[in-house]
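Asker: The residues making up each chain are set out below.
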Amino acid sequence: MTAVLHNRITLLRTERNVSRKDLAEAVGVNFQTIGYLERGDYSPSLELAMKIARFFAMPVEMVFSFEPFQPLTAELMQAKAKIAGDA
Amino acid sequence: MAGHSSKLVRPRAGRLTRRGRRAAIIAAALVIGGLLGAQLFAVPPGSLAASVLKLATALLTVGGFALVMTRSLIWFMGNAPDEALDERELSLRNRSYFRAYALYAGLTVLAGFYFLDLAPDFGLWMPTHYDQWWALVWAYLILALGAPAAFLAWDEGDPETESLN
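Here the protein sequences line up with chains A and B, keeping their order.
Under our numbering, think of the first position of the first sequence as 249, with each following residue one higher.
Under our numbering, think of the first position of the second sequence as -16, with each following residue one higher.
Honestly, I wouldn't trust all of these hints.
[Stated by the list, open to error] Here are the computed lysine to any residue pairs in the SDA-like style, where the Cα-Cα straight-line distance is at most 20 Å: (1) 269/A <-> -4/B; (2) 269/A <-> -5/B; (3) 299/A <-> 273/A; (4) 269/A <-> 141/B; (5) 299/A <-> 141/B.
To be clear, the hints were calculated from the coordinates, so they are not data collected in a lab.
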């Protein structure tokens, strides 16, 4: 059985005002495929996952995960708390 | 990947949803299957009705294939060179071709078993007239040419919008 691969493509794309077509052209797929990725109906190859992460200038684990993602705000709060704790 | 270097013209995605495409496939299979079935079992071979049915089958099939082959993104996905498709489309196409091959091979084995062993041994129905053989061969050709695209159309999702959301 194939594991479900969660992703933040929709969030990152809308946050940066990027259309499916723009992202598709940038990573070399057809825009239909971006919709499949966003819904989790298709799991990308490592190459495509890396290209998408590179497009958003983020580590691949920030874009794709086997575990469901927390909201980015929650992760931000945790990071801030960690930094404050380290200081 | 993705065909940006390809000179092939990629048709735009059709308006049919997956459900609509599946309904169209079922309708086409029922119509063509009904016509071929009537030629095999209902209409006297060699009659005028059989000729009319043959003509209707040929026109519908050739017309249907011509329509799909010239305008359908699904047909493009089924027949374009690898470099014109992205990884998801290639994966979908591979799966569709595998299913079509499995169906075709399975039916060939069953037909061979029936016509070579079962029918002669047990006195079961066999085609006796040219019109009946014509219907069987036509069914075989339609299946060979149409099954991969039909499986592809069955599995491909709804058309996406190009918009931001």
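Asker: Tell me, which hint numbers fail for this structure?
Answerer: 5
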